[in-house]
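2 protein chains.
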Amino acid sequence: MSTTTKKPKSDIEIANEATMKPIVEIAENAKIPLDAVEQYGRFKAKIDTSKISGTANAKVVLVTAISPTPAGEGKSTVTVGLADALQQLNQRVMVALREPSLGPVMGVKGGATGGGYAQVLPMEQINLHFNGDFHAITTANNALSALIDNHIHQGNELHIDSRRIIWKRVVDLNDRALRHVTVGLGGPLQGVPREDGFDITVASEIMAIFCLATSIKDLKQRLARIVIGYTYDREPVTVGDLKVEGALTLILKEAMNPNLVQTIEGTPALIHGGPFANIAHGCNSIIATQTARKLADIVVTEAGFGSDLGAEKFLNIKAREAGFEPSAVVIVATIRALKMHGGVAKANLVEENVAALQDGIANLAQHVANIRNFGLEPVIALNRFITDTEKELQAVLQWAEANEVRIARTNVWEEGGKGGIELAQHVLEVINQPSTYKPLYELQETVEQKLVKIVQQVYGGAGVQLTEVAKRQLAAIEKNGWDNLPICMAKTQYSLSDQPGLLGRPTDFVVTIREIIPKLGAGFLVCLTGDIMTMPGLPKQPAALRMDVAEDGSAVGLF
Amino acid sequence: MSTTTKKPKSDIEIANEATMKPIVEIAENAKIPLDAVEQYGRFKAKIDTSKISGTANAKVVLVTAISPTPAGEGKSTVTVGLADALQQLNQRVMVALREPSLGPVMGVKGGATGGGYAQVLPMEQINLHFNGDFHAITTANNALSALIDNHIHQGNELHIDSRRIIWKRVVDLNDRALRHVTVGLGGPLQGVPREDGFDITVASEIMAIFCLATSIKDLKQRLARIVIGYTYDREPVTVGDLKVEGALTLILKEAMNPNLVQTIEGTPALIHGGPFANIAHGCNSIIATQTARKLADIVVTEAGFGSDLGAEKFLNIKAREAGFEPSAVVIVATIRALKMHGGVAKANLVEENVAALQDGIANLAQHVANIRNFGLEPVIALNRFITDTEKELQAVLQWAEANEVRIARTNVWEEGGKGGIELAQHVLEVINQPSTYKPLYELQETVEQKLVKIVQQVYGGAGVQLTEVAKRQLAAIEKNGWDNLPICMAKTQYSLSDQPGLLGRPTDFVVTIREIIPKLGAGFLVCLTGDIMTMPGLPKQPAALRMDVAEDGSAVGLF
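Chains A and B are the protein sequences, given in the same order. Just so it is clear: in the first sequence, position 158 is 157 by numbering that gives the first Met the number 0, and no numbers are missing. Just so it is clear: in the second sequence, position 533 is 532 by numbering that gives the first Met the number 0, and no numbers are missing.
Isolated chain A, as found in the complex (with noise of 0.2 Å):
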C-alpha cells in the first residue's frame, strides 16, 4: 500500500507486482465449501452453486456514480476500495462485479477491473477470455441464429417470415462493419438472403437471461420464452417452437456458476455476467450475488454508468426480481467529472475552477434525487484525483452539508482499503437502518406510464414521445399482452437525456423512444432512445494496438 508521492505505477504494474493468495485459501477464508471449487488455474475459480447453503441475507451496498465523462470517475475502483475498507474494518464482505467485455478492452478502456491498489486480481485473465464465460453466451446466441436460418432453409415449418427475425447474432468485439448486414447470399444451397445484423456480446438477450436466472431450470425456462420473429401472419415464434431451448442450455450450463477471485487486499470477489448499463440492464448475474449474500454479511456491488442507467434497472428490474431490498448506494464522483459537467474542456481540466465545478454539482445533484426517489439514502464518494485542489473539495462538501447529503472522501487507487474507510463507515451506519427502498413503477402500470416515470423522476425530463414504428411495436406488445414487463432503457450514458452532448443538468427535455424490442426470456422492454447502438465501434486508435505479450510472458498494453 504506497502513500508516496512519486510518479504512480501503472495499474498492470501494480497488478503483476502483487502477491495473489492462492483461490483455494480464498475460498477458504470465504468459508465456501471445497467441493464447490472448481479451479481455473491457481488464481479463479467457479463455484458450484449447489453446494453452497444457508440463506441469502447479506446486506448490498449498491455503487452508481454520476453521468460519466472522459475524466474518469472509478466506480470499479471505489466498489473495490470499499469492500476493502469494510473487511479493515472486520465486516463478512463479498464483492459481487460484471466481467469485462473484450470489445472496450480493445477499443478504448483496456480494462476494467478497478486500478491501483483497488483492483481485482488476476487482471489479464479476468480482462480477457475469464473462464470463458462470454464466450459461452457468444456461442449460445449464434448457435440459435444458425438454426433459426437452417430451419428456415430446411423448409421452414414454423412459417417464419424472414423479414420479421428480430434476433440478432453477436461478437464481444467493437465491430460496426457488423452492424448491418445481408446472410444468406450466393445462391439456394447458400441458405435464404435476408437483413440481419450483429450486437456485441453485452447486449445479447442470452446475456441479460444469464444475468437474471435464479437457476438451471429458470435458464432454460427464460431461454424457451425468448421471441426471436414473427410469422407471416404476425405470430411471435419463440425458442421454445423451435425446440432448442436444451441445446442452448447445455452450451451456458457450465458458464451459470459464479467465478471467484480476490482483491490486492484479498477480499473474495464473485466476478459473473456482464451486460452493459447503455444497451442492456447493466448488472452481474443475480445468481453471483445471491452466492454472496449467502456467504458475507455485505455484498458490494455495482451498476454499470450513472444512477440513470445501471442503478435504475438494479432497482427497478433486479432487485425486483431478485427479491431484495437494497440497503445503501454510493454515488461516486470525481473533482475533475464534475468540471466537465460544467463545461470545462477535458485539456483544462488540470486548472482549479471553483465556479464550473459549482455548475456541474447539478449533475451530482440529479444522481442524489435518483437514489432518494427509490427510497434510500445514497453517500457520495468524493473519489480523488492528484490535481484536486483544497477549494475545489470544500466546494462539493460545503453542497452535501447544505443539502443533508452523506459524503466520504476516498483515496482508493492509491491507498487500497484504507482509502475508503470514510465511505465504509457512512455506509455500515446507513445500512444498519432498515431499508426503505421501493420500486419507481408497478409492472401492472402502462409502458407509457413507466416511461414517463423514468424520463422524469430519473433524467430529469419532460417527457417522451414515440416514433411511428415505436407506436407499432407498442401496439403488437400490447395485443400479446407483454406490456406488463419492466422497461429496460438503451440510452446514451454520456448525459441525463438521450442526447450525449447535453451535460451537467438538462430540463424540459423529451426523450425520444426510437424502438420497443420485447425481450420476454429476460423479461423486459428494451427502449431504446436517441441514437444509441448495440454495436460500438472502434476508435481511430484501438488499444489493440498497444497490446503484446512480453518476452518474459506478460501481458503489455491492458490499463
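These are calculated hints, taken from the structure and not from any lab test.
Residues from chain A shown here face chain B by an in silico Cβ test under 7 Å; the list is partial: (1) H134; (2) N149; (3) L172; (4) T181; (5) G185; (6) G190.
The beta carbon of each residue, even a glycine, is placed where N, CA and C say it ideally should be.
Please arrange chain B on chain A, whose structure you already have, making use of the hints.
Frame of chain A, contents of chain B only:
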C-alpha cells in the same frame, strides 16, 4: 470393462458412469511437475509447457483411416484404445488428439471423443467449450477482421483494397447463412460496405498457426506474416503492417498451453487444437505433440479423415515443420465401411456381402499404398462391429496376407485397451525398426509439381487442372515468392478424388484446383478442390434438437 453381449450403453452413459482420477494424479503419473499443472476443474488441466524439461524424443504413432463413410470407422476410438493397450503392455504412452469443434457437435456428430470403453474424459466438457481454446481462436480471428474494417473506415492509411480482402470472419458453428455476406451497410457511420464471408473456426488460418507454432515467439511471428488482403496496387497487406500481432498473441496466449485429460483407463491425453482435415491441415498442435514426446516413450496421435487428407498433411506439413520422423501409421478400417465402398447402401450393411467387401477393399489398398509412398509401413486396424461375419473378416485378413500388410483385429469400443492388444503388439514391432519416413515432395518443387505428386501418389488420380482464377492466383503467388511453401489441400473426405460420390478406389480422375489461397502465417498454400466449402451447414435435424440438461445437471444428447 464390460464384455457381455447385452444391448450396449451409449457413449455418454459409459462416460458418465466412468470414475475419473483427479487430474493432478494423472499429471503425477505422467511425471508432469505439479507447478506446470493449471487445473481447470478437477478433471482437466492446462500444462505450462515452459515448465516441462527433457528432450522430445518419444516415438510417434499416427492413426489414420480409409475414406470415411456414414457407416463410421472409429478412428478416435482406435487411437484411444491403442494407447490404452500400450499402457496395459507397460509402455509409457500418451495420447495427443485434436479438440472437437462445436460445428459437428451441434450438427451431425454430437461429439468427438472416441467411443464405448475407448474414450477420453470428461466427455461433456471436451465436446463443449474445453478450456476456451477455440473461443480464443475465434476471438483473435474476428478481432483482426474488426481491426481491418476499422482501419479502412478510419482513413485506410495502408490503402487496403476492400474488394481484395482475403481474411474472413469465423464462428465455431455450422452456419451456411454466413458463407456469403455483405458487411458495413447502413451509411457512412457504419463502416465501408464490402463482400465478406464466415468460415468455421477450424478452417481459420489462426487455427493452423496455433497448431504449427512452436513457441509464443513463433506464434507472434507467424501472426505478423498473415496476408489479410492486397492494396490497390496489388501489394500484400499483412497483420504486421496493421501492427496488431501483439494483441492477437495476447488473446491466444493462455490457449497455447495444451490440455491434459485422461482416457477411461487413466492413460494421459493431451488434447489441443483442432483444424479439420478436409478444409485445413487436420492435425493437433505441434506444442502438444512435442510436449507429449518429452513426457512419454510413445505418443499416439491421429489426423483427420482418410490418409489422403489428415495423414498426407501430417506427413508433408506437420512432421516436416516439427522436425520429427513418425515411426508407425495405423489405418483404421471396418467391414461396414469397406462394404459401402463396394457399393452397399447403408440400410443393407447388416447383411453379409463378401463380394461387395472385396470391391471395397480397393479403397483400403490405396490408403496402404499412400502410407508406403511416405516410406512407412502401415498396420491395418480392422475395427470390429457387431454385424461383421467371420467370412467377411477372413476376406480382409486374406487380402492383407496376400499383399503383405500387417493387420490386427480391434475391439476397443467394447473392451477398451484389452481389445487393442494385438494392434499394439504390431505397432511395437514396427516402431522398434528405424524410421524410413520421407515427405512426398521437396518444398522447392513448383506448386504444380507438388499438386501432381499428391494427386497421383496419394489420391490415385491422373493429374490436376487449375481454373482461370487459380491460375491468376498462382501467378501472384509465384511473383511474391511464396511458391516454396507446402500444399494444404481442401478436398472432400468422402472420396479419394475431389468428387464426393466416387467411392472405392477411383482412377483416371483429374482434380480441379478452384482457388489457391496463400496462408503465410500457417506457412502453406490452401488449394480448394471441387465443391469443398470452408463453412459447413446444419442438417435438417441437427444434433442440437436432441440436446438437453437433465434434472440432475448432467448433459443429454452428446454422442
